[in-house]
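Peer 1: Here is what each chain is made of, one letter per residue.
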Amino acid sequence: MVSTPRTAKAAHDEGQLLQQAFEYVTSRSGDFALGTRPTTAIILGSGLGGLADQIAEPIALSYEDIPGFGVSSAGGHRGDLILGYLGHSQVIAMAGRFHRYEGWSNNQIAFPVKLMARLGAGKLIVSNAAGGVNPKLRVGDIVVIRDHLNFMGTCSFLGFGNFLGLGDSTQSQQVPNSNLSADQPTLGPNPGPASQAGDVQKCPSLQRAAGIYDPQMSCEAVRIGTRGGFNVYPGTYLATLGPNYETRSEYRMMRRIGADVAGMSTVPEVLAGSAAGMRILGLSMVSNVANPDQPIKADHAEVLEAGAGAAVKLESIVRGVLDLGVPDLSVQDLGMRAT
Amino acid sequence: MLDLYEKIQEACAKIRHEFSDTPRVGIILGTGLGDIVEELEVEATLDYKDIPHFLTSTATSHRGRLVCGRLAGVPVVAMEGRFHLYEGYSLKDITLPVRVFKELGAELMIVSNACGGLNPYFNAGDLMVIEDQINLLGDNPLIGINDDRLGPRFPDMCEPYDQAWIDRTVKIARERDINIHKGVFVAVAGPNLETRAEYRYLRMIGADVVGMSTVPEAIVAVHCGLKTVGLSVVTDMCLPDALKPSNVQEIIAVANEATPKLIAVVDGIIREFNHTRMA
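Chains S and H, in that order, give the protein sequences.
When the letters of the first sequence are read in order and numbered with our numbering, they come out as residues 1 to 339.
When the letters of the second sequence are read in order and numbered with our numbering, they come out as residues 1001 to 1279.
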């Protein structure tokens, strides 16, 4: 298997693409105050796109038009980057995301997150639909991700050689790279902290996953559930490559190794966000429950339907956490985390 | 995945040209288990290199040809020699034959492998019918844009191996006085064998046997809607606290010794299949 290590040139190319994307978005952001007000990036997962329609004064930019972006192919996902407001908070939302099972590399998945950090987002809220592995979970429950297990088969955060092959032609970004076996972990570029305080250049690969998910935002999410009378559990998210659902034996394995929910996304984005110094809140909506001793067929329509029911809960969490107005991480915070 | 459809058609066209019957069962033969082909009334033999888009097998004791013929009167196609991730091939190419079986009209796939035994109640030379699987390959044959003509985007895996056929296989083995286990197969990429710590880990997560194949084929069989029977031959025991250096010649010798049992079971499955269909 021929694989190409990620080189300084690849990092440079990605940096250039990031610059082009940054210029494209800023040229179309109108009155949206990029870089001057605290901004939260939100990634809307399976069936949760409804929140996108509630963003006030939206400026929607199609992924097709943004340099470096691909086009999402999964059912139930659209493909827009939306600038606007939720309550009093300024947000950049991704309606539609990229998955490893579509053939995107981790670098391609991380790219939009790097862009949002570059655009000034200091916090990242990421949501997904996931299978409940912990037997206490029911369809429609919310899990606040406090930690994750990366079963994507390759070290998720470090850059990947795939990106190299795509060069800096924006056209070639439209097609996922199908040869994931060529993934070669080497260090990717650090887009720097969200606040553009370029003096913080922590080596992101040394980040411990346990420190990635923000305690303050996570606690607030649980509190909102308690107040709102619905179940929000802190838990561990296990990321698989997909696209097939798990076998019963795989679910049993996941229980034994400590996973509470399992899904096919989130980890690459979260690792990129963490590397960029963002505070991160991860939310899983339990769309189906694994019952390894009583097999029930999972289907994508069921996932979408459960998403509609849980959207209200997720929405109230996102709004509540935004209203809390947690400050972005400071240079000192980042220094303390990078051990 | 979008180029697969044409590849399947081209491979099938070549095979149909040599073998006009509609095969009802597709068989994939694992390490050291190629002898089943001796039982076939062979009608056509195609080298993999002559079939468009087929890979060439590089693994020890895998020959690399597709044998078409009849077993117990039932038209079958058998892969003598299979492909593995550790050979450096992509899982999409490795699993192409499964899609070809389906396209040729097969209703059942029998996939066999040689594997290491993790369950301490197993012995070298035992047979196991695969009840379920764990994918630790770190890769998946369905990655890429899904071609809806071939199967669903998110296949359900609650029954990768057909339960009715698992029960029938156990019955068939017992009728022939063959001891057969049921268990969980875990696939790793290989090619190195596992460390003792890895064997403990694999046992802890619920695996009974470990191998380097079969899981991709089973995933693709689910994707394209082909029923699967998985048969493992335990060729060496991997007990982490009593581990001996393994020897591929020994593994192949045990596989060869177990082959008559495997042949008897496969033969029984095909007879039962024929009978079930007739009834």
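There could be a bad hint or two in this list.
[Said to hold, decoys possible] Partial list, derived from the structure: chain S residues whose beta carbon lies under 8 Å from chain H:
| no. | residue |
| --- | --- |
| 1 | R37 |
| 2 | G242 |
| 3 | M253 |
[Claimed, not checked] Chain H stretches covered by chain S per the calculated footprint, using a threshold of three residues with CB under 8 Å from any CB of chain S:
| no. | region |
| --- | --- |
| 4 | 1006-1015 |
| 5 | 1096-1109 |
| 6 | 1133-1145 |
| 7 | 1215-1225 |
Read the hints as simulated data drawn from the structure, not as lab findings.
Even for Gly, the Cβ is constructed at its ideal location relative to N, Cα and C.
Peer 1: Now tell me if each hint is right for this structure.
Peer 2: Hints, one by one, checked against the model:
Interface hint status for S:R37: violated, as the beta-carbon distance to the closest one in chain H is roughly 38 Å, over 8 Å. The interface hint given for S:G242 holds, since its Cβ lies 7 Å from the closest Cβ of chain H, which is under the 8 Å cut-off. Among the interface hints, the one on S:M253 holds; its C-beta lies about 4 Å from the nearest C-beta in chain H, closer than the 8 Å criterion. Residue count for the region 1006-1015 of chain H with a Cβ under 8 Å from a Cβ of chain S: 0. That is fewer than the three needed, and the coverage hint is violated.
Three residues within the 8 Å Cβ limit are the bar, and the region 1096-1109 of chain H against chain S gives 0, so the coverage statement is violated. For the region 1133-1145 of chain H, the proposed coverage by chain S is satisfied: 11 residues have a C-beta within less than 8 Å of a C-beta in that chain, meeting the threshold of three. Counting residues of the region 1215-1225 of chain H whose CB lies closer than 8 Å to any CB of chain S gives 3, so the stated coverage by that chain holds, three being the minimum.
Checked against the numbered hints listed earlier, the structure breaks hints 1, 4, 5; every other hint is satisfied.
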